[in-house]
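Enquirer: Protein chains in written order, with numbering that gives the first Met the number 0: chain A, 0 to 400; chain B, 0 to 138.
Because the hints were derived from the structure by calculation, they are not lab data.
In this text, a Cβ means the ideal position worked out from N, Cα and C, and glycines have one as well.
Heads up, some of the hints might be wrong.
[As the list claims (entries may be wrong)] Derived list of chain B stretches under chain A, where covered just means 3 residues or more per stretch with a C-beta under 8 Å from a C-beta of chain A:
no., region
1, 74-81
2, 123-136
[Claimed, not checked] With the C-beta cut set under 8 Å, the calculated list includes, among others, these residues of chain A facing chain B:
no., residue
3, Gly-77
4, Asn-154
5, Ile-155
6, Asn-156
7, Asp-159
8, Ser-160
9, Ser-185
10, Pro-340
11, Phe-341
12, Leu-347
13, Leu-349
14, Ile-378
[As the list claims (entries may be wrong)] Label-pair distances were calculated between CB atoms; the ranges are:
no., chain 1, residue 1, chain 2, residue 2, range
15, B, Gly-32, A, Ser-230, 50 to 58 Å
16, B, Val-62, A, Val-270, 30 to 38 Å
17, B, Ala-48, A, Gln-203, 37 to 45 Å
18, B, Ile-22, A, Thr-281, 15 to 23 Å
19, B, Leu-19, A, Ser-255, 37 to 45 Å
20, A, Ala-332, B, Leu-15, 15 to 23 Å
21, A, Asp-169, B, Arg-41, 42 to 50 Å
22, B, Asp-36, A, Asn-239, 17 to 25 Å
23, A, Glu-293, B, Leu-61, 16 to 24 Å
24, B, Leu-61, A, Ala-332, 23 to 31 Å
25, B, Ala-48, A, Ser-230, 54 to 62 Å
26, A, Tyr-140, B, Ile-65, 53 to 61 Å
27, A, Ala-332, B, Ala-48, 49 to 57 Å
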Amino acid sequence: MKFSTKLAIKNIKGHSARSSALIILAGLLSASVFGGSLIVKSLRNGLHSYEQRLGADIIVASEEAIDSGKYESILLQGVPGYFYMDDSVIEVIEGIDGVESVTPQFFLASASSGCCDTLVQIVGFDPDSDFAIRPWISESYDGNINDGDVIVGCNINIPDSNRYKFYNVDCNVVAKLEKTGTGLDSAVYANMNTIKQMMESSSQIGFGYFEDVEPEHAVSSVLVNVKDGYSVTDVQRNINLGIQGVRAVSSKDMVSNIAGGLGAISNIIGVLVVIIWLLSFTILTVAFGMIVNERVKELAVLRISGASKKMLSRILIIESIILSLIGGLAGNALTALIFFPFSDSLKLSLNLPVLIPDFSYVIVIFATSILTSIVICAITSTVSGYRITGKDTGLIFRDGA
Amino acid sequence: MKNKFKINATDVILFLLSGLFLILLYTAFAPCGPKEDGSFMRCQWAWRANVALAYNLLFLSLVHLIANRPEVKLGLSAGIVGIAITGLLIPEKIIGLCMMDTMRCHTHTKGGVYVFSVLILVTVLADIFLSVIKVKKNN
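Produce the entire structure from the sequences given, and follow the hints as far as they go.
Expert: Dropping the structure here:
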């Protein structure tokens, strides 16, 4: 080990209070960049995933479901809900000019005794016409979804028996889906026959979900894809004008609502990170300046002992690199320790989809934030060191400063 | 020679972390209450086990705080490591939590147990490292 490195380490060990303060500052700097980037990236991933999972150009549901925000709550937060309309709307929508394909979806909230000590959203889809859920399921499961089979979102744990019972209908869990960061992670998916069985069974048991809609003719929503060359807005308007009691919304509108919220949060986080950066940078500059001033005699003794100006600068830079490395590692580790276990809490409190970025991205921002912290500390210590090493050694001892 | 009573930074941090952990387990990290029929979900048992461990942690960290000899501190630290690791394993491996990852036991209790168990582990490992150095010096 080089003499300058040895001396830098001894200096750090010898002044534990000073070193600790600098480590905390460097840690704060690094953690703010790491944490801020992690949150913003997770929110962006969540929005992208949400956009992908909508899977259709237009979503049609009852006016009440859209206006009350029930539909959005299911998709975003996984709040179990149910709303129905008569399936005759499917035929009407199919007849509207510009509609390429339609597929119905059924939403049913489980009874609390089903699987999870709480209500679970059960989503039924028609495997023959579906174009929204199937592509997503195929990422995790290639097989057929037979009657009685269910696929669970990643937030639902599979029991050892691999079986769940919903409204007295015995179901076999065939797959668990990949995480999407949306409310769909907390749902159970089944084909149309299975969900009709559950619907009938729930009616027999006495759950009054369907009100004035016949269970066998009930659908919750209809997803619509628009033909190429047709405007989504025009088709959406035609559906709204042509069918009473339903509301058609475009996926873009649903996503842009979320994107607006996400943009506001990203901006707030961005501003906070910049403020923390500026504060940390200023404090580090002042702190290094004060420390170097305090050590002016120590550095002068080293100069008299034969140390060059370059060597003194090297000692100061090595000290700052070691301190910022320790601070950065500790700060980022603490941020990761808090962020990952509480990411679901973040999702629930922000009411936005949150999808944690993959491991390689986390490693990259972990390293980048530490590197940024090291560079800033090295720059501030270099500037302070340059100011002091430029002074005449004789004057330092004579003036005492 | 009379031993000089000295409290290390790790002793204080360990005690504070253990105390805070216990308080938060009863407040911010508490899971859902009993169901309408009065029965408890699985998360309640996991939480109770963690509360019991947190009391043990608090007691051991208090003794650790007032213990003087590095050899004694070393033994207590080894015990704390065991308890912290057991605490970490309770939510997912030993007892388990409720079935839905969006439930309070997953979003609050599990996260809190992980964060505090890891912090306590890191602190106690640092303390063991320092105690080993002291024991070697004494010998």
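Enquirer: Taking the hints in turn, state whether each one holds.
Expert: These are the hints, each one checked on the structure:
no.: 1; hint: 74-81; in the structure: violated (count 0)
no.: 2; hint: 123-136; in the structure: violated (count 0)
no.: 3; hint: Gly-77; in the structure: holds, 6 Å
no.: 4; hint: Asn-154; in the structure: holds, 4 Å
no.: 5; hint: Ile-155; in the structure: holds, 6 Å
no.: 6; hint: Asn-156; in the structure: holds, 5 Å
no.: 7; hint: Asp-159; in the structure: violated, 11 Å
no.: 8; hint: Ser-160; in the structure: violated, 13 Å
no.: 9; hint: Ser-185; in the structure: holds, 5 Å
no.: 10; hint: Pro-340; in the structure: holds, 3 Å
no.: 11; hint: Phe-341; in the structure: holds, 4 Å
no.: 12; hint: Leu-347; in the structure: holds, 6 Å
no.: 13; hint: Leu-349; in the structure: violated, 13 Å
no.: 14; hint: Ile-378; in the structure: violated, 30 Å
no.: 15; hint: B:Gly-32 with A:Ser-230: 50 to 58 Å; in the structure: holds, 52 Å
no.: 16; hint: B:Val-62 with A:Val-270: 30 to 38 Å; in the structure: violated, 47 Å
no.: 17; hint: B:Ala-48 with A:Gln-203: 37 to 45 Å; in the structure: holds, 41 Å
no.: 18; hint: B:Ile-22 with A:Thr-281: 15 to 23 Å; in the structure: violated, 35 Å
no.: 19; hint: B:Leu-19 with A:Ser-255: 37 to 45 Å; in the structure: holds, 42 Å
no.: 20; hint: A:Ala-332 with B:Leu-15: 15 to 23 Å; in the structure: holds, 19 Å
no.: 21; hint: A:Asp-169 with B:Arg-41: 42 to 50 Å; in the structure: violated, 22 Å
no.: 22; hint: B:Asp-36 with A:Asn-239: 17 to 25 Å; in the structure: violated, 45 Å
no.: 23; hint: A:Glu-293 with B:Leu-61: 16 to 24 Å; in the structure: violated, 38 Å
no.: 24; hint: B:Leu-61 with A:Ala-332: 23 to 31 Å; in the structure: holds, 27 Å
no.: 25; hint: B:Ala-48 with A:Ser-230: 54 to 62 Å; in the structure: holds, 60 Å
no.: 26; hint: A:Tyr-140 with B:Ile-65: 53 to 61 Å; in the structure: holds, 58 Å
no.: 27; hint: A:Ala-332 with B:Ala-48: 49 to 57 Å; in the structure: violated, 27 Å
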